[in-house]
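Undergrad: In case you want the letters, here they are:
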Amino acid sequence: MFKELDPILHSQLRLAVMSLLISVKEAEFTFIREKTNATAGNLSVQVNKLKEAGYIDVTKQFKDNYPQTVCKITPVGIAAFDEYVKNLQTYLRQ
Amino acid sequence: MQEDNITQHESLAIIESMINKAKNQFSENGFIYLLWGWVILICSVSQFILQHLHYAKHYLVWMLTWLALIVQIIYSARRDKKRVVKTYTDEIIGYVWITFVIMMLLCGTLTSRQLPPQQYYVANIIILVLYGMPTFLSGIILKFRPLVTGGICCWVLAVAAGFLPHDLIILLLALAVIAAWIIPGYLLRSRYKKQNLLA
Numbered sequence: 001m002f003k004e005l006d007p008i009l010h011s012q013l014r015l016a017v018m019s020l021l022i023s024v025k026e027a028e029f030t031f032i033r034e035k036t037n038a039t040a041g042n043l044s045v046q047v048n049k050l051k052e053a054g055y056i057d058v059t060k061q062f063k064d065n066y067p068q069t070v071c072k073i074t075p076v077g078i079a080a081f082d083e084y085v086k087n088l089q090t091y092l093r094q
Numbered sequence: 095m096q097e098d099n100i101t102q103h104e105s106l107a108i109i110e111s112m113i114n115k116a117k118n119q120f121s122e123n124g125f126i127y128l129l130w131g132w133v134i135l136i137c138s139v140s141q142f143i144l145q146h147l148h149y150a151k152h153y154l155v156w157m158l159t160w161l162a163l164i165v166q167i168i169y170s171a172r173r174d175k176k177r178v179v180k181t182y183t184d185e186i187i188g189y190v191w192i193t194f195v196i197m198m199l200l201c202g203t204l205t206s207r208q209l210p211p212q213q214y215y216v217a218n219i220i221i222l223v224l225y226g227m228p229t230f231l232s233g234i235i236l237k238f239r240p241l242v243t244g245g246i247c248c249w250v251l252a253v254a255a256g257f258l259p260h261d262l263i264i265l266l267l268a269l270a271v272i273a274a275w276i277i278p279g280y281l282l283r284s285r286y287k288k289q290n291l292l293a
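These protein sequences, in sequence, are chains A and B.
All residue numbers for the first sequence refer to my numbering, where the first residue is 1 and numbers rise by one.
All residue numbers for the second sequence refer to my numbering, where the first residue is 95 and numbers rise by one.
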């Protein structure tokens with residue numbers, strides 16, 4: 001029996017962000033934007049959705065007087081990503 | 095990247111591509127290896143020459159390491175400011191080198207306290223053994239063979255030190271840093287430059 005894939009993760013950009021963040025300790029918004037080739041506006045919306053779901057932590061701070069947004073995956077996000085990959089494997093095995 | 099419906103196969107491709115992009119993020123440019131490699135090389139060879147010229151305060155050449163430390167602090171602070179991503183690899187390697195520095199400080203302090211000045215060569219053998227540890231581990235973590243080889247070279251040279259006249263042991267330090275830090279440092283620099291050209 002197939003479980004439904006997590007709708008928060010089953011989206012191109014959100015999945016890309018989560019896949020990046022699961023591989024690193026933390027990353028700046030600019031790094032994520034560069035690696036995903038997303039626009040700042042779209043990325044900002046998707047990052048907020050992941051934050052609201054509790055999948056990532058977003059810290060806004062200042063570095064050399066410039067605003068900086070640092071994203072980091074949470075334990076809830078790691079568990080959700082793990083579950084998503086497991087469900088994906090079940091679909092692909094059929 | 096667009097926000098749209100994706101198939102399971104596309105999901106898998108996204109995950110794979112993003113994990114690869116993060117994995118290939120190679121932040122080590124070799125600067126610190128080259129800085130310390132050259133400083134230790136200059137200090138050890140100079141001390142060897144000064145000793146053979148019978149200059150009493152030959153050990154003063156090691157004051158150069160304080161200058162290297164200042165350069166490293168300034169460089170690291172600047173690099174941290176520019177850093178846009180922190181990987182688990184960077185973090186683990188950082189702790190490996192912190193462990194090494196603590197061990198060096200402890201061994202340096204304790205040997206200088208307990209050993210008479212004419213037996214300073216024992217400290218050099220201990221240093222050779224210690225150099226191998228962070229170099230070998232960094233090579234394993236970064237999957238960078240020249241560092242692994244460099245670490246092993248340090249341990250081989252430490253064994254060789256057991257069979258050499260005491261006054262030559264200081265030169266083994268020079269050989270160790272060439273194998274462990276200077277050669278891998280230049281190779282890391284060229285790998286880093288290549289990555290930035292491809293980016």
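The hints are simulated quantities; they were obtained by calculation from the structure and are not laboratory data.
Any given hint could turn out to be false.
Claimed, not checked - If you anchor each label on the Cβ, the simulated ranges turn out as follows:
1) Tyr182/B / Thr90/A: 55 to 65 Å
2) Ala254/B / Pro67/A: 23 to 33 Å
3) Gly54/A / Arg177/B: 20 to 30 Å
4) Pro67/A / Tyr169/B: 19 to 29 Å
5) His260/B / Gln61/A: 36 to 46 Å
6) Gly54/A / Ile113/B: 40 to 50 Å
7) Ile168/B / Gln89/A: 17 to 27 Å
8) Ile246/B / Val45/A: 43 to 53 Å
9) Met157/B / Glu83/A: 20 to 30 Å
10) Ile78/A / Ile143/B: 26 to 36 Å
11) Tyr169/B / Asp82/A: 33 to 43 Å
Yeah, the Cβ is synthetic: ideal placement off N, Cα and C, and Gly gets one too.
Undergrad: Honestly, which of those hints from before does the structure not fit?
TA: 1, 2, 5, 6, 7, 9, 10
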